[in-house]
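Asker: FYI, in our numbering the residues of the sequence shown are 1 to 373.
Honestly, the hints are just simulated from the structure, not real lab data.
Incorrect hints may have been included.
[Stated by the list, open to error] In the SDA-like style, the derived pairs of lysine to any residue whose C-alpha atoms are separated by at most 20 Å in a straight line are:
1) Lys132 - Glu150
2) Lys80 - Gly203
3) Lys357 - Glu315
4) Lys80 - Arg192
5) Lys357 - Gln320
6) Lys124 - Ile169
7) Lys132 - Ala145
8) Lys43 - Gly354
9) Lys80 - Gly197
10) Lys82 - Leu202
11) Lys93 - Gln211
12) Lys273 - Thr70
13) Lys240 - Pro269
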Amino acid sequence: MTMFTAKSLARVLLWSSLSLVASGCQQAQSPESAQGSSEHFPKVSSQRLIHSTSYDTAQVFTGSIRAGNTTAIGFELAGKIKHLAVDSGNHVKQGDLLAELDTSLLEAERRELLASLAQNRADKELAQSTLKRSLALKKQGYASAQQLDELKGQLSSLQAAEQRLRAAIEANALRIAKSTLVAPFDGVIAKRNNNLGEVVALGAPLFTLIQHNNPQAIVGVPVSLAQTLEDSQQLTLTVKETPYQATVAGIGAEVNPVTRTVPVRLTLPTDAKVINGELAYLHYNKTVDTAGFWVPISSLTDGLRGLWNLYVLVEQQPDQYLIERRDIEILYTRGDQAFIQGAISEDERFVTQGLHKVVVGERVMLNTQVATR
Numbered sequence: 001m002t003m004f005t006a007k008s009l010a011r012v013l014l015w016s017s018l019s020l021v022a023s024g025c026q027q028a029q030s031p032e033s034a035q036g037s038s039e040h041f042p043k044v045s046s047q048r049l050i051h052s053t054s055y056d057t058a059q060v061f062t063g064s065i066r067a068g069n070t071t072a073i074g075f076e077l078a079g080k081i082k083h084l085a086v087d088s089g090n091h092v093k094q095g096d097l098l099a100e101l102d103t104s105l106l107e108a109e110r111r112e113l114l115a116s117l118a119q120n121r122a123d124k125e126l127a128q129s130t131l132k133r134s135l136a137l138k139k140q141g142y143a144s145a146q147q148l149d150e151l152k153g154q155l156s157s158l159q160a161a162e163q164r165l166r167a168a169i170e171a172n173a174l175r176i177a178k179s180t181l182v183a184p185f186d187g188v189i190a191k192r193n194n195n196l197g198e199v200v201a202l203g204a205p206l207f208t209l210i211q212h213n214n215p216q217a218i219v220g221v222p223v224s225l226a227q228t229l230e231d232s233q234q235l236t237l238t239v240k241e242t243p244y245q246a247t248v249a250g251i252g253a254e255v256n257p258v259t260r261t262v263p264v265r266l267t268l269p270t271d272a273k274v275i276n277g278e279l280a281y282l283h284y285n286k287t288v289d290t291a292g293f294w295v296p297i298s299s300l301t302d303g304l305r306g307l308w309n310l311y312v313l314v315e316q317q318p319d320q321y322l323i324e325r326r327d328i329e330i331l332y333t334r335g336d337q338a339f340i341q342g343a344i345s346e347d348e349r350f351v352t353q354g355l356h357k358v359v360v361g362e363r364v365m366l367n368t369q370v371a372t373r
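With these hints in hand, go ahead and build the complete structure from the sequences.
Answerer: See below:
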């Protein structure tokens, strides 16, 4: 009884083990286990490639604000400064007094010239009287022709001297007038270079005057762009993040040898709140007729030989995709978007995020929780 029981128990245990092994083999050989469950594939976010026939470029060029007239003004004569009517920062109107020179020497010269003119007038009156008497004596035969000629010559000389003195007096008055400096136009005094009592040289600038209500900007642009601009064309100019509609007033005819750009002069509205020397930014939009696709920059990875790579999803069966790497070229970037060309086609899906989590040749699923298009 004891042996039969033991053998029976061993047989039961053997059959139980065989049943468990058979059951495990059947599970291992099931189609779902052999092929792998799709639920175990990683999920990726994606978008479809949308074809575009062109793209818009937004270029920005830097320049500076310049008033229509920024003039270094001074006296046309040398002399000592007697009076300063304005200083840096003062606003002036056309014709306002700015400064005066000491005219003591010019006033003395004027008095001397007036005295010489008075003496000339007296000499001329005497010569006229003498000539008149000599003509009367000539009729009586008491004066010679030579004497008359000498008197006429003396009178002509005095008349010429009078003209010379009057011209000298006029020149003296002009020098006195030019000893007073006035504003040639409305503006603001940007700088004063001399102090009261200093002696200034001929033509030395005393003030720097910046014109009001005529703000302009000088911006350097590439030659290719300068050739497309036209006079009176409206462009957007930004100063201190404030946009203005500027008008092309002039296009340079020479390339700057340092920056290799062409200067373009633009006029701003007269009420523009700008200061001479401020930075100005010219915004220029251009449409490039080239086919390609817009994609997020985050969907691109480094490639070989200066190219970039895009991970494209190739559908293998419903809800299963294979990752392929495609070589592409970046034509233009704007913000977080890039315009690309390459071995890609319209409506193909590509991976937009998480490129570091997947590899080429891997099977993946679409992440339906992330909006795709």
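Asker: Under the criterion that the straight-line Cα-Cα distance not exceed 20 Å, is the pair Lys80, Arg192 satisfied?
Answerer: With a Cα-Cα distance of about 15 Å, the restraint between Lys80 and Arg192 holds, given a limit of 20 Å.
Asker: Given the hint that Lys240 pairs with Pro269, does the C-alpha gap stay at or below 20 Å?
Answerer: 15 Å, holds
Asker: CA of Lys80 to CA of Gly197, is that 20 Å or under?
Answerer: Given that 20 Å is the threshold and the Cα spacing comes to 6 Å, the pair holds.
Asker: Is it true that the CA of Lys357 sits at most 20 Å from the CA of Gln320?
Answerer: 17 Å, holds
Asker: Take the C-alpha atoms of Lys132 and Ala145, compute the straight-line distance between them, and say whether it is at most 20 Å.
Answerer: 13 Å, holds
Asker: Does Glu150 sit within 20 Å of Lys132, going by the straight-line distance between their CA atoms?
Answerer: 13 Å, holds
Asker: Are the Cα positions of Lys357 and Glu315 separated by 20 Å at most?
Answerer: 19 Å, holds
Asker: Does Gln211 lie within 20 Å of Lys93 when you go C-alpha to C-alpha?
Answerer: 10 Å, holds
Asker: Given the hint that Lys82 pairs with Leu202, test it: the Cα-Cα distance must not exceed 20 Å.
Answerer: At roughly 16 Å apart (the allowed maximum being 20 Å), Leu202 and Lys82 satisfy the hint.
Asker: Between Lys43 and Gly354, does the CA-CA distance stay at or below 20 Å?
Answerer: Satisfied, since the Cα-Cα distance of roughly 10 Å is no more than 20 Å.
Asker: Is it true that the CA of Lys273 sits at most 20 Å from the CA of Thr70?
Answerer: 17 Å, holds
Asker: Quickly compare the C-alpha distance for Lys124 and Ile169 to 20 Å and report which way the hint goes.
Answerer: Answer holds: Lys124 to Ile169 is near 18 Å, not above 20 Å.
When the structure is compared with the earlier hints, no violation turns up for any of them.
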